[in-house]
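A.B. asks: Listed here are the chains, written in short residue letters.
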Amino acid sequence: MELHIILLFMIFGAIVAVETRDLISSVIALSAVGLGLSLAFLILKAPNLAITQLVVEILCVIILIRGTINKDLPLVRDGRWLFNTIATFLFIACFLVFAFFALKELPNFGEPLMRVSQGYIADGLAKSGAVNLVTAITLNFRGYDALAEAAVLFAGVIGVLAVTRKTGKSHER
Amino acid sequence: MKDNQKGMTLIVKTTTRLLFGLILIYGIYIVLNGHLAPGGGFAGGLIIALSFIQLLLAFGREPTLEKMNINRSLYLSAIGIIAFLVSMSLVLLGSGFAARLIPLCDIAVALMVSAGIFAIFLALILSSEIKEGK
Amino acid sequence: MSLYFLCFVLFCVGLYCVLRKRNIIKIIIGLGIIEYAVNLFIILIGYRTQGRAPILDNKQEILNMVDPLPQAMVLTTIVIGLALTALVVSLAVRIYEKYGTFDITKIRRLKG
Amino acid sequence: MKALLFFVIIPLAAAFLCALAGRRIKYFSDVIVNLSSLILLLLALNVGPLAAAHQVSVYKLAGWMPPFGISLVLDGLSSFMLVVVNLVAFLVMVYAIRYMQEYTDKWKFHALFMLMLAGMNGVVISGDLFNLYIFLEVASIAGYALVAFGVEAEDLEASFKYAIMGSLASIFILMGIGLLYSYTSTLNMADISSVLSEKQPGMLITLVSVLFLTGFGLKTALVPFHSWLPDAHSSAPAPVSATLSGVFIKTVGVYALSRVFFNILGAPPKVLFILMVLGVVSMVVGAVLAIVQDDIKRMFAYSSISQVGYIIFALGIGTPLAILGGLFHLFNHACFKSLLFLNAGAIEYSCGTRSLNKLGGVGAKMPVTGAAGFLGAMSISGIPPFAGFWSKLIIIVASLQAGYFGFALIAVLVSIITLAYYLKFQTFAFLGRLDVAFREIKEVPLSMKFSMVVLAGICVAAGLLLLPEFRNFLKMASDVLLSGAAYKDAVFGAIR
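Protein chains in written order, with my numbering: chain G, 25 to 197; chain D, 1241 to 1374; chain P, 658 to 769; chain S, 3 to 498.
Treat the hints with care, since some could be wrong.
Stated by the list, open to error - Listed below are the simulated DSSO-like cross-link pairs for lysine-lysine, each with C-alpha atoms no more than 30 Å apart in a straight line: (1) S:Lys4 <-> G:Lys193; (2) S:Lys477 <-> G:Lys193; (3) P:Lys678 <-> G:Lys193; (4) D:Lys1307 <-> D:Lys1253; (5) S:Lys4 <-> D:Lys1307; (6) S:Lys4 <-> S:Lys444; (7) D:Lys1307 <-> G:Lys190; (8) S:Lys28 <-> S:Lys444.
The set of hints was computed from the structure by calculation and includes no laboratory data.
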């Protein structure tokens, strides 16, 4: 039940973030959604993620606020605005109806199949030596993923540094 | 006097001085206990980076830039990720001491993440310098 | 089931934002919302009723633990989201420097 | 099979070393990057016979059994893709020695390029669906940054558009992976396939297919989702456009798409039909839009959409001959499209413009560039002795055999349109009267010539791949796709 409330809160926050005029308020509404996500992670018994999400949230807000010094744009409703919006809504509605029926085929909430994960729980400690199973999985069973993940972050770092260069070409050969 | 003009107000600065160490230590604690408690290298590294970012936000950019510029933090980040790559390759290629390497991997990731995020942040605030000047 | 569906609704709110908003920062916010929705969905599918957090304890018997694998997956996707956000925001800041606006309908030097 | 892991570790190590020391030591990053891409090319050529000997070989990372750990899988298709990716990457790296000289902070380019290469190699050899996704992200994020490497206004705009579209695609793919995980409770591709084969196909699989089709379609730039490609591929620096157009969209797009649909979901006929239609539409739209372009690189970018349409069309037909033709066309397109983009880069390097209206008569001043451009253009537009002709011929014959006469006719017509706009490129750029502004231009430096000559040589000689001696290279790759859901048995067989 509490999960439903948090999810509704998140959806509400997301709508506010999307529709509000002021960019700073929008970013703050986004951070409220992120906070809700962090709470949901706690309720869903994922403390690792709750911590990480909270920290990433703070960082994202700081980064986003650096980018939003100016004001929002006025909304212009020209001829195709209405048509495009209706088309988007129709598309999203189709997607949701379709998803509604498709999701019924998933295992019920709270009863995952856990074919593979049972193995991790049964002998994760014995094989990897880490009490925290999530750490055991990310760094040991699926350590290759962690390597790629570090590479993604590093690509992001170098990418930001490359994009924020003042000049691209030095005009000397 | 000069110290007071840069950055935010005195209240923020004092609070930051008090909190900085605590946040830093909390980050290090999370890194080192990654295999026992919730957390791990990534979250811990981010917390460490955030503690420095808080310092930077409170005191303005000049005092920070004297100690730590982009190139230096990128350098640290590269050292961290190379250490991670080496230890991870040892694990992946199936050497026997995989379990003992987990804390080392965590520390390397934390170094890489904290320095890398700090570099991102520095790059972003330095590039928006022009805009604020307008 | 209803939770999954609400998660999809959140996904669609973000999708609407990305598809229909003109402001670059709003588009980035929309991407963030979509990412949250997907992360939450992946954790939801790993939840077990009355489950425990996936941290073992020597004294207790291991029973009824939530699925740890989705948590490992989401840990990775959060990192990817962070890297992406940082990159996209830096692109946005640079675009603002060059064009003086965040409006994508005005940022149209490339045609076709 | 430890060699497989080095396809990822070597480029990653090169990228990290570039970041560590590239700024301090002047030619350090050039040396490291060229050396490592050469090693990778040799490794890729070496790994092919291994794949031939074992059919499928699996490397269990850190010794964990596959559903628990991640496995690397080498089969005919991945060894084929490894050769394509690393060949183009090596030649592009050699080209970039001089071309990227005029950009600032070259080591950042090198580091990002190596990360992208690591991502592409990782996608190709991965046997785990989520792992494939992460490497796809490594490659994509490096790609977004590389598109904006010139930091001009147009580059940033193109990169932003690309980043938004690309990350939307990634999120769709991730959603699909999440749904599949919930349904099958495993992430290993072979394992997913074996679980799915025991269940009834229902709505959920359709939803997953839609998500994957949208996601990979965006990455491949099939026509309803193509709007980012012309901007991104024409704004990037020439080596980056060559890689993005030549191998990137094929690795993260075509390869991942075919791996997921053929080997995991077992090639459902409906999806194949949709692929065929999307392929034909891309073919036509790309070609029609390419004619009217004035910017050389933009024309090539639209041509990429059109030619990738051929590949997707061939995969959608699904007969053995068609898949063989499709993969052969993939190989050819990787060679001639990267050649053409490098060529456009060479023209821009010497003349300072890419506009067809301003150019003219450049061929007389730059004989090597002109000749290479001629060979590439003739090959892509399907003139008989060159490789492009054979691959298009196979695709058209296969579609006739399968009974799609209308589509075959369209493919022929599109081929003629292709010839038309490449002739336009030839006449406007290389032939005709030399403009006064270009009196002083010189031929490009040696490293750039070297890459173009080698690629042109491959374009001419690639037709030989159809000879029985070399045919196995293509045959093994197409067998993997043809075997469809039997992939899981091959992988499980190799594990034991």
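A.B. asks: Each hint needs a verdict: does it hold in this structure or not?
C.D. replies: Hint by hint, here is what the structure shows:
{"no.": "1", "hint": "S:Lys4 <-> G:Lys193", "in the structure": "violated (41 Å)"}
{"no.": "2", "hint": "S:Lys477 <-> G:Lys193", "in the structure": "violated (45 Å)"}
{"no.": "3", "hint": "P:Lys678 <-> G:Lys193", "in the structure": "violated (33 Å)"}
{"no.": "4", "hint": "D:Lys1307 <-> D:Lys1253", "in the structure": "holds (18 Å)"}
{"no.": "5", "hint": "S:Lys4 <-> D:Lys1307", "in the structure": "violated (43 Å)"}
{"no.": "6", "hint": "S:Lys4 <-> S:Lys444", "in the structure": "violated (47 Å)"}
{"no.": "7", "hint": "D:Lys1307 <-> G:Lys190", "in the structure": "holds (23 Å)"}
{"no.": "8", "hint": "S:Lys28 <-> S:Lys444", "in the structure": "holds (26 Å)"}
When held up to the earlier numbered hints, the structure conflicts with 1, 2, 3, 5 and 6 and fits the remainder.
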